[in-house]
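J.: What follows is each chain in one-letter form.
2 protein chains.
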Amino acid sequence: MEIISSADQGKTGIVARLKSVFGRLKAKAADVGKGMKKIGQDDPRIIVHSVKVALALTIVSLFYYFRPLYDGFGPSGMWAVLTVVVIFEFTVGATLSKALNRGLATFLAGSLGIGAEYLASLFGEKGEPIVLGFLVFLLAAASTFTRFFPHIKKKYDYGVLIFILTFSLVAVSGYRVEKIIELAHQRLSTIIIGGATCMIISIFLCPVWAGEELHNLIALNLEKLATFLEGFGGEYFANSEDGKSAALSKDDQSCLVGYRSILNTKATEESLANFAWWEPRHGQFRLRHPWKLYLKVAVLVRQCAYQIETLNGYINSELKGQGTSELETKIEEPCTRMSSESAKALKELASALKTMTHPSAADIHVQNCKTAVDDLKDALEAFTLGKSDLLEILPAVTVASILNDVSKCVQKIAESTHEISDLASFKRVNSMVAPDLKLQLLHRGSVKPIAAGGHVVIRVHQTSCSDSPEDTNSRAKKAMEV
Amino acid sequence: MEIISSADQGKTGIVARLKSVFGRLKAKAADVGKGMKKIGQDDPRIIVHSVKVALALTIVSLFYYFRPLYDGFGPSGMWAVLTVVVIFEFTVGATLSKALNRGLATFLAGSLGIGAEYLASLFGEKGEPIVLGFLVFLLAAASTFTRFFPHIKKKYDYGVLIFILTFSLVAVSGYRVEKIIELAHQRLSTIIIGGATCMIISIFLCPVWAGEELHNLIALNLEKLATFLEGFGGEYFANSEDGKSAALSKDDQSCLVGYRSILNTKATEESLANFAWWEPRHGQFRLRHPWKLYLKVAVLVRQCAYQIETLNGYINSELKGQGTSELETKIEEPCTRMSSESAKALKELASALKTMTHPSAADIHVQNCKTAVDDLKDALEAFTLGKSDLLEILPAVTVASILNDVSKCVQKIAESTHEISDLASFKRVNSMVAPDLKLQLLHRGSVKPIAAGGHVVIRVHQTSCSDSPEDTNSRAKKAMEV
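Listed in order, the protein sequences are those of chains G and Y. To convert, note that position 325 of the first sequence is 325 in the UniProt record's numbering; the numbers rise steadily by one, no gaps. To convert, note that position 354 of the second sequence is 354 in the UniProt record's numbering; the numbers rise steadily by one, no gaps.
Among the hints, erroneous ones may be present.
If several chains are the same, the list does not tell them apart, and a pair holds so long as it fits within one copy or across any two.
With a Cα cut of at most 25 Å, we get these calculated SDA-like pairs of lysine to any residue [to be verified]:
no.: 1; residue 1: K377; residue 2: I152
no.: 2; residue 1: K38; residue 2: D422
no.: 3; residue 1: K153; residue 2: L25
no.: 4; residue 1: K296; residue 2: S254
no.: 5; residue 1: K28; residue 2: P150
no.: 6; residue 1: K330; residue 2: F383
no.: 7; residue 1: K412; residue 2: R428
no.: 8; residue 1: K126; residue 2: I180
no.: 9; residue 1: K377; residue 2: T146
no.: 10; residue 1: K408; residue 2: L263
no.: 11; residue 1: K34; residue 2: Q367
no.: 12; residue 1: K155; residue 2: P207
no.: 13; residue 1: K330; residue 2: L385
no.: 14; residue 1: K154; residue 2: V51
Derived from the structure by calculation, the hints contain no laboratory data.
Could you build the full structure based on these sequences and the hints that come with them?
T.: This is the structure in structure tokens:
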């Protein structure tokens, strides 16, 4: 009896264990499903890209599969399949870079391989493998070494890889295959077929241009900085006034630290700029668009993000006193103005980049920011310690000082954006605003017209912190302020 | 005559142009030569790596070349060559990751491909290409999509690529090649031969371990932070005293900003940690060394570098007055102490990491730093403005405040390093110092023994700012302080 019951227990145990395994598998599958959905929703272009790759691969595979084409190329047809899988990348620039690298390297290495084969054959049957082995060794070592050159690593890394590969294959296989030139010709043709399929699908079917990505990324990063600076003044001084933290909701706070992603975008920006170099003229971008200048702006934007990261530490600093110090009351106005004017300038710059118009609308905000800096200096000069001591006002003084650094950085960003605008000849906006646009604006925000001077202030309540596609309002405002 | 002279001129022109072209080519070649020499000198392991790749490739090529082996594997031998070129990477971890990914993916996709082939054959001659095309499309789209999953992108990206490649090749080629299983078997064997050659050479011939690289990189970054903090106090306050900048030579200044490379190491660190995951036990590192904790320290180190970047802006700030303000005189001592004690703590942590000993020697410096912070607070509380105004003392106050942040960050770094030490069970150093080591130390630095208390100060003049291989001295100092 005991034996049977223990066997029963064993069975129940197995069933329970199987159930738990299935339960975990189900939960895991649900997780994966959610993850997939999120990726697809975050960037639907990933789904489009997957379909594009599958399409190119199916076309080339069927091309390989059907007899008439197969008879022409022999088993070399597989190189077309291989080429598609390996070179199809997310952006057009990356695909072009790999396709051209692969094509050129195959041609070069193929020719050299045939030469090596010929040279080695002069040494007789015994000398041939030694000479070939020596040549392969030499070229492989030299090519691998060149892959560490910064310039080659950046643009031609893949080409060098394919060069070594093809050279070895051609040089060594020559001994066996009699019709080496025919084989090389077949292989090159199939690679060209595969490469061309990729390039055509990549360029003409919902293309993702690396240049445009870089352009948008820089504009987005400018906006992220602006979002922080826009909120900072209110957040820091609101804290002081209430004597407690969290004046903003959690959502708004995560908006505020959106700039953090900028801290680590260097690699992305550089590879995008690198791929953009390979791209033909597209949309509003000429063939020689000043991509290098974008990197210059990117460096300054990152510099600004570092300062903001330090600044952010002071929002909920424990060093800060509970109430509002006398100094905080005095510098609140100029500091908030510095912060918000810098934010406005950055938003104008971002919008100018996005719409590829001259960023002259940012100039007034840069100027306003300079005035605010002067006001801050006056306030600091006039301040006497009174009852408070230096330790108490330490955070406020530090915030003022770093904000000053940030505003200088914003000035530099404005200068560099002007440079891009000049080199890429962004269009200058007309100072006249079309009447219907003006009317539209009156309905969109609260406009407070001033009789003389033509300086118009428009307030629009922005609620979303996500990258809004286009800031029509700021463009219009710019037109009015010019 | 005129015609001849113009022809002569043309000739002279061509000669001159050729000369200039050759001159430029020569200069270019000299540049490239210099570049090569520099790369080789900076990291001789690159040369070793090139030779290793060439060796692996030559072995596999000759294996393909010689008839007896060739007869066994047929043209599939080329897959061995291909495998070597594609998977041989700089670090052992990267090579293993690629080799295992490639082997597994080929096996999986090959099996699935044969299955697909069988399934399609059930649909008759007309249905077969349609079913096969559909299957290739489906799998290619799904696999490409999974490449965007963060976890898969990190560890199995290459495997998925090879999976798509092999599946397409097997599924589509099945129609032609009768002996598909034999072919798949041949291909897998040659890939295993290529992969094994790479792995063996990579592991046993001057291996470069990704884990060790990460370990050293983190230690080096700690030292770079320390170098800045060590120099900062002197540099900032020396400026104030002299009323002019550049108390340090240019070389020293470039030493000081060595921390800048830390700002952008995130990608390198993460890929190294990822490759380290694939590596077997080596040297002092167990199989499950806590590589993830290294990334935690890396995040804190970068945080510290951001603050230091802001701090660095104040060394030659224009805001700073010409002379030494009263405040600067008052806070110079605690600030310099905070900075130098933080630097000492970081150096101890770096040395503890390098030697894999318990970082208890850093604790006293962290404690000293906390005392310095308290002293600074006292100095600030006791300060009255007197003749100077707030604008004048702005930079000094900001520097003090950011230094306080930095010292907090150093504390966190120390805590995380303790965590690594506990998890990886770093050895605790004995408080007794071997007599011969003590003697050795007496000859290496100036040792000032104190009669009671056992607290020994050792000063060694460091002249180089490059990554010194191992700080024996600081290890010994630690042993004495325990």
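J.: Give a verdict on every hint.
T.: Against the structure, the hints:
1. When the C-alpha separation of K377 and I152 is checked against a cutoff of 25 Å, the pair qualifies neither within a copy, at 50 Å, nor between copies, at 53 Å.
2. When the C-alpha separation of K38 and D422 is checked against a cutoff of 25 Å, the pair qualifies neither within a copy, at 40 Å, nor between copies, at 38 Å.
3. With identical chains, the CA atoms of K153 and L25 are at most 25 Å apart between copies only, with a shortest distance of 21 Å across copies and 43 Å within one.
4. In this assembly of identical chains, the alpha carbons of K296 and S254 lie at most 25 Å apart only when taken from different copies (21 Å versus 27 Å within one copy).
5. Taking the shortest alpha-carbon separations for K28 and P150, only the inter-copy value of 16 Å comes in at or below 25 Å, while the best intra-copy value is 43 Å.
6. Taking identical chains as interchangeable, the C-alpha atoms of K330 and F383 lie at most 25 Å apart whether they share a chain (8 Å) or sit on different chains (20 Å).
7. In this assembly of identical chains, K412 and R428 lie within 25 Å of each other by CA distance solely inside one copy; the values are 21 Å within and 51 Å between copies.
8. Proximity of K126 to I180 under the C-alpha cut-off of 25 Å is restricted to the intra-copy arrangement: shortest distance 20 Å within a copy versus 36 Å between copies.
9. Proximity of K377 to T146 under the C-alpha cut-off of 25 Å is found in neither arrangement, the shortest distances being 55 Å within a copy and 55 Å between copies.
10. In this homomeric assembly, K408 and L263 come within 25 Å of each other (Cα to Cα) both inside a single copy, at 19 Å, and across copies, at 21 Å.
11. In this assembly of identical chains, K34 and Q367 lie within 25 Å of each other by CA distance neither inside one copy nor across copies; the values are 48 Å within and 48 Å between.
12. Proximity of K155 and P207 under a CA criterion of 25 Å is satisfied intra-copy only: 21 Å inside one chain copy versus 28 Å between copies.
13. Proximity of K330 and L385 under a CA criterion of 25 Å is satisfied in both settings, with 12 Å inside one chain copy and 17 Å between copies.
14. Taking CA atoms no more than 25 Å apart as the test, K154 paired with V51 passes between copies only; the shortest distance there is 22 Å, against 28 Å inside one copy.
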